[in-house]
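Chemist: Per this note's numbering, residue 257 is the first one in the sequence shown, and the count goes up by one each step.
Take these hints with a grain of salt, some might be off.
Said to hold, decoys possible - Here are the in silico distance ranges between beta carbons for each label pair:
#1 T272 x R395: 37 to 47 Å
#2 N269 x E400: 38 to 48 Å
#3 G409 x A319: 43 to 53 Å
Simulated from the structure, these hints should not be mistaken for laboratory data.
Bear in mind that the values here come from a model prediction, so they are computed numbers and not experimental data.
Cβ coordinates follow ideal geometry from the N, Cα and C atoms, glycine included.
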Amino acid sequence: MYRCRYTNKRDSNYTTRKATLACVGLLAVMGGLEALLILTLRWSQIPNNKGITWPDILVGAIATVLLAGGMLPIYFELGKRQGRVIGINWVFLCIDTLGGLFSIFALVAQGSFDILGGVMYIVVVVLELGIYLSHIIWRIRFREARKEAKHSGRSVEDILQMSNPA
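Start from the sequences, fold in the hints, and give me the full structure.
Modeler: Below is the structure:
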């Protein structure tokens, strides 16, 4: 967040001080929420050994929803760009997807399958596979524009703008 706010030239009203305060403020809010959840569940004296699992399920469900919600802006960006993936590091995405897959394999290999953990990893892997699929489809759909850009020495964006003046 800090790097995006501070180095983004279009958002030049963020000074070093303002970006640092925003980052520290966000860390304080997140730390406070985590402490609040921990203390609330401890003080409520819910006996974990008596089969009461709704607090764990609630926290796991919230985490899954927030994780999926954090990846949704990527799909809005894909929609704007007709499926082209821009600004995502493919190496990081590949490592993240493999991490999700190996975590699912580890859950399957252990004695009992943790449903919440499995759902969270499956959500990550499915959403990331959607990103791969979107870019593959984009490359197939616009292969002629990519060839034309390569032969003419222009960028793909220039070729696409010339063919679709909006």
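Chemist: Each hint needs a verdict: does it hold in this structure or not?
Modeler: Now for the hints, and whether the structure bears them out:
no., hint, result
1, T272 x R395: 37 to 47 Å, "40 Å, holds"
2, N269 x E400: 38 to 48 Å, "42 Å, holds"
3, G409 x A319: 43 to 53 Å, "48 Å, holds"
Checked against the numbered hints above, the structure breaks none of them.
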